[in-house]
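Participant: Now for the letters of each chain:
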Amino acid sequence: MDAAQLIADAQKRKRVADFGAGDTVKVHSRVTEGNKERIQVFEGIVIERKNGGLAESFTVRRIAHGVGVERSFLIHSPRLEKIDILRRGLVRRAKLYYLQDRVGSKATRIKEKK
Amino acid sequence: MKHIIGRKVGMTNVFTDDGRSVPVTVIEAGPCQVVERKTSAAHGYDAFVLGFEDAKIKKLNRAMRGRFEKLNVAPKSVLREFPLGDSDVKAGDMVTVAEFAAGDRVDVTGTSKGKGFTGIMKRWNGVGGGASHGSMIHRQPASNGDTNAAKTVKGSHRPGHFGVERITTLNLEVIRADQERNLLLLKGAVPGGRRAVLYVRRSVKSKTKAKA
Chain A
1 MDAAQLIADA QKRKRVADFG AGDTVKVHSR VTEGNKERIQ VFEGIVIERK NGGLAESFTV
61 RRIAHGVGVE RSFLIHSPRL EKIDILRRGL VRRAKLYYLQ DRVGSKATRI KEKK
Chain B
1 MKHIIGRKVG MTNVFTDDGR SVPVTVIEAG PCQVVERKTS AAHGYDAFVL GFEDAKIKKL
61 NRAMRGRFEK LNVAPKSVLR EFPLGDSDVK AGDMVTVAEF AAGDRVDVTG TSKGKGFTGI
121 MKRWNGVGGG ASHGSMIHRQ PASNGDTNAA KTVKGSHRPG HFGVERITTL NLEVIRADQE
181 RNLLLLKGAV PGGRRAVLYV RRSVKSKTKA KA
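Taken in sequence, the protein lines are chains A and B. Just so you know, we're using my numbering here: the first sequence kicks off at 1 and counts up by one. Just so you know, we're using my numbering here: the second sequence kicks off at 1 and counts up by one.
Hints should not be assumed to be uniformly reliable.
Computed footprint of chain A on chain B, listed as stretches where at least three residues anywhere in the stretch have a Cβ under 8 Å from a Cβ of chain A [said to hold, decoys possible]:
{"no.": "1", "stretch": "8–14"}
{"no.": "2", "stretch": "175–188"}
Straight-line alpha carbon distances no greater than 30 Å define the calculated BS3-like cross-link-like pairs of lysine-lysine that follow [what the hints assert, rightly or not]:
{"no.": "3", "chain 1": "B", "residue 1": "K115", "chain 2": "B", "residue 2": "K207"}
{"no.": "4", "chain 1": "B", "residue 1": "K187", "chain 2": "A", "residue 2": "K50"}
{"no.": "5", "chain 1": "A", "residue 1": "K26", "chain 2": "A", "residue 2": "K12"}
{"no.": "6", "chain 1": "B", "residue 1": "K187", "chain 2": "A", "residue 2": "K12"}
{"no.": "7", "chain 1": "A", "residue 1": "K50", "chain 2": "B", "residue 2": "K122"}
{"no.": "8", "chain 1": "A", "residue 1": "K50", "chain 2": "B", "residue 2": "K154"}
{"no.": "9", "chain 1": "A", "residue 1": "K82", "chain 2": "B", "residue 2": "K187"}
Anything over 10 Å on all C-beta distances counts as not near chain A; from chain B, calculated [unchecked claim]:
{"no.": "10", "residue": "G19"}
{"no.": "11", "residue": "E28"}
{"no.": "12", "residue": "P31"}
{"no.": "13", "residue": "K38"}
{"no.": "14", "residue": "G44"}
{"no.": "15", "residue": "V49"}
{"no.": "16", "residue": "A63"}
{"no.": "17", "residue": "G66"}
{"no.": "18", "residue": "L79"}
{"no.": "19", "residue": "A91"}
{"no.": "20", "residue": "K122"}
{"no.": "21", "residue": "V127"}
{"no.": "22", "residue": "N144"}
{"no.": "23", "residue": "V164"}
{"no.": "24", "residue": "R194"}
Hints listed in this document are in silico derivations from the structure and should not be mistaken for laboratory results. For glycine and all other residues, C-beta sits at the position ideal for the given N, C-alpha and C.
Take the sequences, apply the hints, and build the full model.
Facilitator: Dropping the structure here:
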């Protein structure tokens, strides 16, 4: 294995939460405001999980005050504290970009995996 | 010491302390040995020659074997002369990545990847023509200068062989210098493919002063 790969592997987290597109999650991330640090929680539906290795990321979408909000996180980022999986979604594709075009109650409607 | 020779290993990301992800090129740099010190008395100018990676004697021709024997050093596979500058080096000195620290700015010289015979859009950043509406000129060169000149001006932008050129990327930030593994992590891309030989020097133009 080359040195670049070793450097990448050394930064990866040992255990990555098992979740994918369609799941509803609560993401706890550390944010720095001035010189204070606190945990910020972002809850929504995972609409994609993309790239691989150290650069792997996922995007969470939620409707906040009637406006669609998306936030992307790097899975291996040290700023990511933890991910709670609230609900498993039953979806037929890996990228749920079609949710971006939806308005109202259909925008967040995803069947639950039984 | 301002110079070191290395080989490109590849690229990856590094998370900084504040959690940002920085793209880095990993370079296996040094240890290099000062093979020869050229002096104005003996050679007419001041310089030093760095050697990188041990070479098999079998793979050297007689001229090179003779040269190494005369200098009384282990044969090296990569040799390059650098201007002395204000550094004080002697033959036999070792150069490692310890010369560099995080936050320093460096320039990297190497040979770019070969692109073969390419058109003007890739080679000269030409804009090409329209893609549709019956344009019929898609990726072709359009004007090439004065039509009254009765000759083609030298150096005009035409398709042709691109890549395999000497390229220097300026002012790259050192993210980490790993002395144990002889690795240099620089922010951003450098010329050449994996295993390409690279020359790294303290940045010439950087406005950010090195932290001694």
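Participant: Are the hints correct? Go through all of them and say.
Facilitator: Do the hints match the structure? See the list:
1. By the rule of at least three residues with a Cβ nearer than 8 Å to a Cβ of chain A, the coverage given for the stretch 8–14 of chain B holds, with 6 such residues.
2. Against chain A, the stretch 175–188 of chain B contributes 3 residues with a C-beta closer than 8 Å to a partner C-beta. That satisfies the three-residue criterion, and the hint holds.
3. Annotation: proposed proximity of B/K115 to B/K207 is violated, straight-line Cα distance about 33 Å (limit 30 Å).
4. For the suggested pair B/K187 and A/K50, the alpha carbons sit about 23 Å apart, so the restraint of at most 30 Å is met.
5. Our distance criterion of 30 Å between C-alpha atoms is met by A/K26 and A/K12, whose separation comes to about 21 Å.
6. In summary, the hint linking B/K187 to A/K12 is supported, as the alpha carbons are separated by about 19 Å, within the 30 Å threshold.
7. Between A/K50 and B/K122 the CA atoms are separated by roughly 29 Å; this keeps the pair inside 30 Å, and the hint holds.
8. Simply put, A/K50 and B/K154 have alpha-carbon atoms about 48 Å apart, too far for the 30 Å limit, and the pair is violated.
9. Straight-line distance between C-alpha atoms of A/K82 and B/K187 comes to about 28 Å, which keeps the hinted pair within the 30 Å bound.
10. Residue-level check failed: B/G19 sits 4 Å from the nearest beta carbon of chain A, not beyond 10 Å.
11. Distance check on B/E28: its Cβ comes as close as 6 Å (rounded) to a Cβ of chain A, failing to clear the 10 Å threshold; non-interface status is violated.
12. No Cβ of chain A comes within 10 Å of the Cβ of B/P31; the nearest lies about 15 Å off, and the non-interface call holds.
13. The non-interface label for B/K38 is consistent with chain A: the shortest C-beta to C-beta separation is roughly 33 Å, beyond 10 Å.
14. Its beta-carbon lying about 40 Å from the closest one in chain A, B/G44 satisfies the requirement of being farther than 10 Å from that chain.
15. No beta-carbon of chain A comes within 10 Å of the beta-carbon of B/V49; the shortest separation is about 27 Å.
16. Once the 10 Å rule is applied to beta carbons, B/A63 is consistent with being away from chain A; the minimum gap is 34 Å.
17. At roughly 35 Å, the least C-beta separation between B/G66 and chain A is larger than 10 Å, which holds for a residue marked as non-interface.
18. For B/L79, the non-interface assignment is confirmed: its Cβ lies about 24 Å from the closest Cβ of chain A, beyond the 10 Å cut-off.
19. No Cβ of chain A approaches the Cβ of B/A91 within 10 Å, the least distance being about 30 Å, so the stated non-interface status holds.
20. At roughly 26 Å from the closest C-beta of chain A, the C-beta of B/K122 stays outside 10 Å, upholding its exclusion from the interface.
21. Here B/V127 stays apart from chain A, with its beta-carbon at least about 31 Å from theirs, past the 10 Å limit.
22. Every C-beta of chain A lies more than 10 Å from that of B/N144, the closest at about 42 Å, which supports listing it as non-interface.
23. With a least CB separation of 23 Å from chain A, B/V164 remains clear of the 10 Å interface cut-off, as annotated.
24. Distance check for B/R194 against chain A: the nearest CB is about 8 Å away, which does not clear 10 Å, and the non-interface claim fails.
In this structure, the hints that do not hold are numbers 3, 8, 10, 11, 24, in rising order.
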